Amino acid sequence: MNKSALVRSSVACVGCSLLFLQLNLSAQIEEFTDIGDSELQNPAQGEWLHWRGGQNAWGYSELEQINTSNVGQLQLVWSWAMDDSGAGEAAPLVHAGMMFLPGPRGVIQALNAANGDLLWEYRPGITPAMEGSNAVALGAEQLGDALMPATAFAGVGRGVQKNIAIYGDRIFAATENASIVAIDARSGLLAWETPVADPALGYYYVAGPIVANGVLVTGINGCERYKEDVCFITGHDPASGEELWRTSTVARPDDPGGDSWGDLPLHLRAGGDAWVAGSYDPVTNLVYWGTAQAKPWARVVRGTDGEALYTNSTLALNPNTGVMEWYYQHLPGETHDMDEVFESVLIDVDGRPSLFKMGKLGILWQLDRVSGEYIKATDIGYQNLVNLNPVTGKVVYKDGMLPRIGKQLDFCPSTSGLKSWRAMAYSPQTSAMYIPIALNCELATFGPVEQVLGGGGTGPVRRVNYPHPDAGDNLGELLVLDIPSGEVKWRYRSRAPLNTAALTTAGSLVFIGDWNRYMYAFDADTGEKLWQTRVSTSAQGFPVSYMIDGVQYVALPAGNGGASWAALLPRELAPELTRPRSGNSMHVFALPTQARQD
Amino acid sequence: MRKLAAILIITLWHAGISGSSAQQPASIWDGIYSDAQAERGAAAYSARCASCHAVDLRGNSNAPGLLGVGFMFLWEGRSVGELFTKLRTEMPSDQPGSLPAQTYMDILSFILRSNQFPSSEKELTAGADWLNSVLITPK
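Listed in order, the protein sequences are those of chains A and B. Under our numbering, the first residue of the first sequence carries the number 1, and numbering increases by one thereafter. Under our numbering, the first residue of the second sequence carries the number 599, and numbering increases by one thereafter.
The set of hints was computed from the structure by calculation and includes no laboratory data. Quantities reported herein were computed from a predicted structural model and do not represent experimental measurements. By construction, the Cβ of each residue, glycine as well, lies at the ideal position given by its N, Cα and C atoms. Be a bit skeptical, because a hint or two may be false.
[Claimed, not checked] Computed cross-link-like contacts, DMTMM-like style, restricted to lysine to aspartate or glutamate with a CA-CA straight-line distance of at most 25 Å: (1) A:K489 - A:D368; (2) A:K407 - B:E637; (3) B:K684 - A:D410.
[As the list claims (entries may be wrong)] A few chain A residues facing chain B, derived, Cβ under 8 Å: (4) E224; (5) V449; (6) E450; (7) G455; (8) G457; (9) P460; (10) R462; (11) R581.
With the sequences and hints as input, model every part of the structure.
This is the structure we're talking about:
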């Protein structure tokens, strides 16, 4: 055999292996069916098509095979180690037996959701683009990269990729390089990539898109530094990647509400980051998206006492036009880094379409999702910064609680917040909200910034954390509130912070995990702990549940990184707790065969 | 009595009796790191710190700025040794303590140079306890 024949033979052999692999995997991929608006609105039972399960962001699964009587028998079916190149806060999707798993730094993997086999993976800058994709025309600097983009100012360091979206035959993601990408759901190849903003100005994404009425809606992050533009939410065409609209989350000087920043010029209006994905109501045809606080954090540092619209608000946007139909600013002129950017949970209460939201201060807001009108607010009682008028929803800062430069303030919660990105879940069975809470307080001294382009930021804060006086040694709490009364149904406290979103199921269960590597299932009605297991590192991310071939699975993510709840507070306030330095991973559980048949 | 003892220790130290091979600078403004070291620190900073604290050291939402008024607000009056301990025990936040001790000294040198503190001929070396008595002060 001459050399060229040997090479041909070897290539053919490799081809054989690949073909065999393809045959094994293709059966799974062939089951993939395109997702339309109707599927997103009414997903087949057992699917998980939205980062919080459904467009209403309940974080609720209608599956009940795993329930209070058998959850104690849960067994690990498979687990999967993810990249450790950044913080793990995965919110996977499940469709047609495939799990689409977002990892740090833009990596997305498609796995057989029943057994954990890898079907494909997308690696920014490495996975090829599909033929005809616009991505091949983009330069390397514009495309994402599996490593940190050299053009990025900051903020990408944690490499977070929380949620992704599915629509048609594509998976959509938003990158740390401030691009939106579309990936072929069957092959993992890049279909298109659209640079949305300049990462060299500090822009980046940590939250992915949602799909609303056929439009990709995505909120940008990285707006704390002074620059000649502000944060925004965009609508993109899922087919082409073309930008359809862009709505600023900060009122410009000549816009309605522009005077809410005093006389600050545009380049000194920072914040309003939209770093948590929103929800969608097909009846109102409105997308509900939260915005972060103004930057720098303290009024005295940013140079205005104004409300600073549209920061720390819930925005209701028409997904087809980007027009802001209404906004509700939860904390006008917020001044301690108390974010209200988090998930919007859409629940009809006595026939009234409502939106529920909780920010760092631990106030559960109920708004009318047609009009944006205030309905009710419940202060869970751990904050000492503001007085809330429960009739009007107006908040007023308590005497002495406005920061002054160089003067130490003592307040609860710390700037980590009582609530953060760890999303709460709603159960229609119990009519209750299951809310992961972190309990701690802070001595804080706010400092100045340079009011120049490229300067600004959050502002320096000398910070000393201490345990919350109402919580003893406990840093974590799963708080369960009746909806709509806001009355406490039960609570579970733990030494370690609860560190995942909550997942509720029709099996009358709530799943959640903590920093100390435990994952739990509780009786959703009584709070009794029915099951626990321990995994590779801190539980972290967004648990989901799905069903394949008659078997219900619960997928619980673990992860490192994770900002102050996970990186700062446990180290300082619970130093006896430890975790490994790596371990981003997914852990999938189901009942043994016998238990499923009982 | 305690004050007297402290003065005695500092006096002995500066007389070279503490075992240190050479007289150490009393002030951050005397120059406590070398330019070559700050250059090495710049490279290490770029690789291990810039992704959170920014290439221009101005920080982001989850990482404080290390430059100018923000840096001085956080560190004025505290010692260089305390800053070194912070770096060595808590940074990078995802892999604390994962760098060689001398690399932390290099990064510290880069931060000092970025804030216009002067260099000298002598390198900062790991284990230099006298850094605990060198305060970060404006000129």
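Hint-by-hint comparison with the structure:
{"no.": "1", "hint": "A:K489 - A:D368", "result": "holds (24 Å)"}
{"no.": "2", "hint": "A:K407 - B:E637", "result": "violated (37 Å)"}
{"no.": "3", "hint": "B:K684 - A:D410", "result": "holds (23 Å)"}
{"no.": "4", "hint": "E224", "result": "holds (5 Å)"}
{"no.": "5", "hint": "V449", "result": "holds (6 Å)"}
{"no.": "6", "hint": "E450", "result": "holds (6 Å)"}
{"no.": "7", "hint": "G455", "result": "holds (7 Å)"}
{"no.": "8", "hint": "G457", "result": "holds (6 Å)"}
{"no.": "9", "hint": "P460", "result": "holds (4 Å)"}
{"no.": "10", "hint": "R462", "result": "holds (6 Å)"}
{"no.": "11", "hint": "R581", "result": "holds (6 Å)"}
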